[in-house]
Amino acid sequence: MKVHSPPAQSPPMILDSLPNPPVLDEVCPRRARLQIDLIILAIEALDLGGSEALLMAAKELELQGIVKNRVSLWRLRSTNPLRRNGQRRPLTLTEAKALVLIACHLARRLTVLIRQLLLAYQQLQEKQLSPDHHFRLSEYLERFRAHFRSRMNPKRAGVIAYSTDEKLNELALKLLGQLLFCTGTGGTQRLWSSLFDGDVA
Amino acid sequence: MTIQRQYSLPNCKLVLEGWPDEAIANTPTARPLVSKLVSAECHFTHAEKPLVGGREFFESLVTAVSNYAQEFLSDVSHPSHAAGRPDLVHLQRIDQNRHRLIVQSESSNGSQPHGSGTPIQLDLMTVQLFDLVEAIDQFFADGQTLPDLSLNLAPVSKRYVASQEPITKRAMPAALGVSGLAVAAIALFFVPVPERRPAEQEPATEQSTEVSPAATSNSEEVESPPTVTPDNSPSPTAASEELEPSDSELVDPATESSDNTSDTTEASESVSAEDLEALLNTAPEISDPAQLDEMTLRLRDQLDSAWTDRDAGFDEELVYRVGVAENGDILGVKQVNGAAITYFDQTPLADLRYNPIDADAPGQEPIGQFRVVFRPDGVIEVSPWNGRPAANASPLESFVSLLM
Chain A
1 MKVHSPPAQS PPMILDSLPN PPVLDEVCPR RARLQIDLII LAIEALDLGG
51 SEALLMAAKE LELQGIVKNR VSLWRLRSTN PLRRNGQRRP LTLTEAKALV
101 LIACHLARRL TVLIRQLLLA YQQLQEKQLS PDHHFRLSEY LERFRAHFRS
151 RMNPKRAGVI AYSTDEKLNE LALKLLGQLL FCTGTGGTQR LWSSLFDGDV
201 A
Chain B
1 MTIQRQYSLP NCKLVLEGWP DEAIANTPTA RPLVSKLVSA ECHFTHAEKP
51 LVGGREFFES LVTAVSNYAQ EFLSDVSHPS HAAGRPDLVH LQRIDQNRHR
101 LIVQSESSNG SQPHGSGTPI QLDLMTVQLF DLVEAIDQFF ADGQTLPDLS
151 LNLAPVSKRY VASQEPITKR AMPAALGVSG LAVAAIALFF VPVPERRPAE
201 QEPATEQSTE VSPAATSNSE EVESPPTVTP DNSPSPTAAS EELEPSDSEL
251 VDPATESSDN TSDTTEASES VSAEDLEALL NTAPEISDPA QLDEMTLRLR
301 DQLDSAWTDR DAGFDEELVY RVGVAENGDI LGVKQVNGAA ITYFDQTPLA
351 DLRYNPIDAD APGQEPIGQF RVVFRPDGVI EVSPWNGRPA ANASPLESFV
401 SLLM
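Protein chains in written order, with my numbering: chain A, 1 to 201; chain B, 1 to 404.
Keep in mind the hints are simulated off the structure, nothing from the lab.
Mixed in with the good hints there might be a few duds.
Simulated crosslink set (DSS-like; lysine-lysine; CA at most 27 Å straight-line) [as the list claims (entries may be wrong)]: (1) Lys155/A with Lys174/A; (2) Lys174/A with Lys13/B; (3) Lys155/A with Lys167/A; (4) Lys174/A with Lys158/B.
Pairwise CB distance ranges, derived in the manner of DEER restraints [said to hold, decoys possible]: (5) Ser150/A with Arg93/B: 28 to 34 Å; (6) Asp25/A with Glu17/B: 44 to 50 Å; (7) Asp95/B with Asp16/A: 34 to 40 Å; (8) Asp95/B with Arg108/A: 24 to 30 Å; (9) Pro50/B with Ser72/A: 48 to 54 Å; (10) Val178/B with Ser150/A: 48 to 54 Å.
Under 7 Å between C-beta atoms, here's a sample of chain B residues computed to sit facing chain A [unchecked claim]: (11) Thr126; (12) Glu134; (13) Ala141; (14) Leu153; (15) Ala350; (16) Tyr354.
Glycine included, C-beta positions come from ideal geometry on N, C-alpha and C.
Looking at chain A on its own, in the form it has when it is part of the complex (with noise of 0.2 Å):
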């Protein structure tokens, strides 16, 4: 039976995949708006075709009710606090679980691609060698930084802590190493879970 129900009225069952935690106002912390907004910056620095890929992945979870298209994407987003231009909104948990099941979900996708590139960067710190020295893995450091560059704030403390390659090749390497946890059986809970600790009760 297929029932064609508005989106807005019947939340997806998707979303009850992740419990509520005990945060107040049901609005997502701090560090779970920045930390939604780098991993799937990271995403994008991985795929080219990152933003599309994230509007279908939407469609393919039945997710569009949330994620509705360009816009909507970009002001979730947006509350990333260390964002050019931060949105001043809050960013509710049913929202922020859309993020986190898009991002895993095409962080899923991506796995082999994540796994060939950790074990790059493995293999050249045993040789004592730049992460320059592999060119796929350079191209992702190269494109992550030119990704935070353009949408960061350039004023905020958070992101004058970036403001050497080196130190956004750490986070890229980091974000990368946390992508790879996603892509796992438990990764979407884990993820999840992970953006509320030290901000509950």
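Since the structure of chain A is provided, determine the placement of chain B on it from the hints.
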């Protein structure tokens, strides 16, 4: 007959051997339920020998690994295993990409906290660690093997994170508070109890630079409140039109000096100053003392946890006037003294402040105004900007209440 279950990944293989559930052992199913663990083995491709143990080892392994995975994702440390029982398995971060797995040998009878053997250490790269996590998560997802163990994720509590700070760091504010109180008490001992004669009020003592005009319930009542900013003449309780010229005076010298931060912030500071002005003039102000008190504490906590760069190298106090929404969002920041402009980027305010660009007009949302002082010794002071309406509190009482 025991049953073996395997969870294999490229770098790691988890092998569990156990007894089937007796109640349903006789019913022939494709995949019987394994309810009692006999042994657990954890093979790594880069290690010669597998890690082997019984139920105690396996429980400790899955808990430690699962918690460590969460720490890896959030950078927030998780409390170790249940108190009273030693952790057989422990994980340590060596660097971003390397992790050390430490396994104590299992005690045979449970009476000894640690076995006699030396602990086994195994270094894992991130990909290897992930394979271990994934093997464990696949086991958790498998309802037919030890269903009493399942993936149990919960975010770490705020309270736990707060107590993670070293004792010296936690004791510091208290020690400073107590010594400050002592200094204040000694100083006040020599000050005669002032009668309420506003015109002849004593000039402020040294300590009163740390105190905002707490006793002044509103600005008209008292003509000469204690001078708050040592290097800046206009009194902070003056009306906002008096503040405006002083602010523009302050911006100019800072931008003229070839300070590297000031030229980048010049434009936005003046804009946000205007915005704040508009905000302060139009927004209804929060004046409920209880609410202000609560917001003061919250703002202080928020700034304290966000201020990472405490050795920023400024040697005078940075004084700011800060507008805060009811939910704690910092909506506007105005620098009160020169150093506050120069070192703005080193304060957490730069990071926590929301961009005041807002299409819908400000003014609907009530705000509270606070005076925030960053001291060179790493202490943050927060107090309501217009003081606390403490009508019948003596100066000493309000003094003490500020030091608490």
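Evaluated hints:
Of the supplied pair hints, the one linking Lys155/A and Lys174/A holds, its CA atoms being roughly 23 Å apart against a limit of 27 Å. Straight-line distance between C-alpha atoms of Lys174/A and Lys13/B comes to about 25 Å, which keeps the hinted pair within the 27 Å bound. Between Lys155/A and Lys167/A, the direct Cα distance comes to roughly 16 Å. Compliance with the 27 Å bound is thereby established for this hinted pair. Distance hint between Lys174/A and Lys158/B is fulfilled; the C-alpha atoms sit about 24 Å from each other, no more than 27 Å.
Checked against the hint of 28 to 34 Å, the pair Ser150/A and Arg93/B passes, with Cβ atoms roughly 31 Å apart. For Asp25/A paired with Glu17/B, a C-beta distance near 49 Å keeps the hint of 44 to 50 Å intact. At roughly 38 Å, the beta-carbon separation of Asp95/B and Asp16/A lies within the given 34 to 40 Å, and the hint holds. In this structure, Asp95/B and Arg108/A meet the distance hint of 24 to 30 Å, their C-beta atoms being roughly 27 Å apart.
About 50 Å separates the C-beta atoms of Pro50/B and Ser72/A, a value consistent with the hinted range of 48 to 54 Å. Distance hint for Val178/B and Ser150/A: a CB-CB separation of about 49 Å, consistent with the stated range 48 to 54 Å. Hint on Thr126/B holds. Least Cβ distance to chain A is approximately 5 Å, under the 7 Å limit. Because the smallest distance between the Cβ of Glu134/B and any Cβ of chain A comes to about 4 Å, under 7 Å, the interface hint for this residue holds.
For Ala141/B, the suggested interface contact is upheld, since its CB lies about 5 Å from the closest CB of chain A, less than 7 Å. Residue-level restraint check for Leu153/B holds (minimum Cβ-Cβ distance to chain A is 4 Å; threshold 7 Å). A distance limit of 7 Å between C-beta atoms decides the matter here; for Ala350/B the minimum to chain A is near 5 Å, and the interface restraint holds. About 4 Å separates the beta-carbon of Tyr354/B from the nearest beta-carbon of chain A, less than 7 Å, and the hint is met.
Checked against the numbered hints above, the structure breaks none of them.
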